[in-house]
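Asks: Protein sequences appear in the order of chains A and B. Its first residue numbered 0, the first sequence is counted upward by one per residue in numbering that gives the first Met the number 0. Its first residue numbered 0, the second sequence is counted upward by one per residue in numbering that gives the first Met the number 0.
Derived from the structure by calculation, the hints contain no laboratory data. It is possible that some hints are incorrect.
The list treats identical chains as interchangeable, and a pair is accepted whether it falls inside one copy or across any two copies.
Unchecked claim - Listed next, the in silico DMTMM-like pairs over lysine to aspartate or glutamate satisfying Cα-Cα at most 20 Å (straight line):
no. : residue 1 : residue 2
1   : 122       : 70
2   : 122       : 107
3   : 3         : 139
4   : 3         : 142
5   : 3         : 140
6   : 3         : 70
7   : 122       : 85
8   : 3         : 71
Number of protein chains: 2
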Amino acid sequence: MRQKPIALSREIVASSRLFRVEQVELRFSNGVERTYERLVGRGTGHGAVMIVAMIDSDHALLIEEYCGGTDEYELSLPKGLIEPGEDVLAAANRELKEEAGYGARQLEHLTELSLSPGYMSQKIQVVLASDLYEERLEGDEPEEMRVDRVNLRELASLAQHPQFSEGRALAALYLARDLLTQRGSFQP
Amino acid sequence: MRQKPIALSREIVASSRLFRVEQVELRFSNGVERTYERLVGRGTGHGAVMIVAMIDSDHALLIEEYCGGTDEYELSLPKGLIEPGEDVLAAANRELKEEAGYGARQLEHLTELSLSPGYMSQKIQVVLASDLYEERLEGDEPEEMRVDRVNLRELASLAQHPQFSEGRALAALYLARDLLTQRGSFQP
Chain A
0 MRQKPIALSR EIVASSRLFR VEQVELRFSN GVERTYERLV GRGTGHGAVM IVAMIDSDHA
60 LLIEEYCGGT DEYELSLPKG LIEPGEDVLA AANRELKEEA GYGARQLEHL TELSLSPGYM
120 SQKIQVVLAS DLYEERLEGD EPEEMRVDRV NLRELASLAQ HPQFSEGRAL AALYLARDLL
180 TQRGSFQP
Chain B
0 MRQKPIALSR EIVASSRLFR VEQVELRFSN GVERTYERLV GRGTGHGAVM IVAMIDSDHA
60 LLIEEYCGGT DEYELSLPKG LIEPGEDVLA AANRELKEEA GYGARQLEHL TELSLSPGYM
120 SQKIQVVLAS DLYEERLEGD EPEEMRVDRV NLRELASLAQ HPQFSEGRAL AALYLARDLL
180 TQRGSFQP
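With the sequences and hints as input, model every part of the structure.
Replies: Now the structure itself:
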């Protein structure tokens with residue numbers, strides 16, 4: 000493993016309700032100095048979770064939600080912030096009930112994914128949920144989300160869908176497909 | 000398609016060298032009003048590109064780079080910003096030469112992925128590169144990147160690698176594997 004650069008200084012240079020930008024002066028092991036900016040989320044201290052919820056042996060649930068970043072209604076996986084004192088699987092089940100109207104009897108942590116490690120510290124936990132049952136919890140969403148589903152055989156087509164774009168959601172779906180195929184519970 | 004919420008006001012509430020945060024007051028079609036924040040990149044107006052470069056029929060190139068967001072050396076795909084007047088495939092070939100020391104005779108656009116559409120506008124173009132040859136271009140990197148490779152049969156293991164975390168890079172690798180499998184040029 001390489002020797003990490005040394006931080007010569009750190010300073011918060013911008014700040015809003017949800018974001019803080021930290022400016023870091025770095026010296027690399029070869030002597031080169033550079034100014035980096037990193038984005039630090041606020042209120043995300045307990046992490047976040049994204050759920051691949053299998054409604055049957057072939058299909059995962061998608062939700063359609065208004066996305067402020069792109070100003071579009073987009074399809075993605077249910078996801079949300081983990082609350083203080085809540086474990087990853089409990090957070091996954093709560094978000095699934097709030098966003099998709101289902102609970103899960105089986106919950107399994109798959110992996111952790113980052114957003115953009117070059118300038119963001121955020122990570123998200125990926126959870127596989129199965130053996131679902133109908134249960135809705137009231138969340139803080141401004142409007143009810145439409146629930147859809149995708150066949151795990153059609154992930155390449157999903158990537159081309161005009162309403163689907165989120166890279167880490169696509170990665171989570173592929174990972175779930177790989178695992179279920181390996182276990183013999185899904186036939187690709 | 001649902002009726003999109005109306006923006007009642009927009010305001011830049013924080014700003015740094017690389018980032019701007021826009022605060023938007025939204026009214027949803029059901030009358031509910033909410034304050035959203037969206038992150039707008041600076042200097043990213045021409046977009047960005049990420050490259051799955053096949054060094055042989057089974058392996059894609061990875062680069063190891065210091066990541067300021069996570070303060071770790073991480074493995075990921077070569078990627079970078081598209082320059083003014085540069086098309087997506089030319090940008091992909093330039094970044095591949097700068098970061099990995101290879102050019103490609105075959106370049107193909109696969110799809111566009113978003114980072115976190117809920118609060119970011121950024122998108123990245125995914126390019127498949129093949130028929131590689133050695134050529135290094137000088138980039139603006141602070142130090143040379145170590146080049147590694149991953150077998151497309153081992154993407155689930157890659158997701159568990161302590162130095163690999165980036166969701167959209169994993170999605171790009173899976174998409175390339177799907178396409179190459181479908182064409183018969185890769186045996187899963």
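Asks: Would you mind marking each hint as holding or not holding in the structure?
Replies: Do the hints match the structure? See the list:
For the homomeric pair residue 122 and residue 70, the shortest alpha-carbon distance between copies (13 Å) is at most 20 Å, but the shortest distance inside one copy (23 Å) is not. Taking CA atoms no more than 20 Å apart as the test, residue 122 paired with residue 107 passes inside one copy only; the shortest distance there is 17 Å, against 30 Å between copies. When the C-alpha separation of residue 3 and residue 139 is checked against a cutoff of 20 Å, the pair qualifies only between copies, where the shortest distance is 18 Å, while the shortest distance within a copy is 41 Å. When the C-alpha separation of residue 3 and residue 142 is checked against a cutoff of 20 Å, the pair qualifies only between copies, where the shortest distance is 11 Å, while the shortest distance within a copy is 45 Å.
Taking the closest pair of Cα atoms, residue 3 and residue 140 come within 20 Å of each other only across two copies (15 Å); inside a single copy the shortest separation is 41 Å, beyond that limit. Taking identical chains as interchangeable, the C-alpha atoms of residue 3 and residue 70 lie at most 20 Å apart only when they sit on different chains, with a minimum of 8 Å there against 38 Å within one chain. Taking CA atoms no more than 20 Å apart as the test, residue 122 paired with residue 85 passes inside one copy only; the shortest distance there is 16 Å, against 32 Å between copies. Proximity of residue 3 to residue 71 under the C-alpha cut-off of 20 Å is restricted to the inter-copy arrangement: shortest distance 7 Å between copies versus 40 Å within a copy.
Figure legend: structure checked against the earlier numbered hints; every hint is met.
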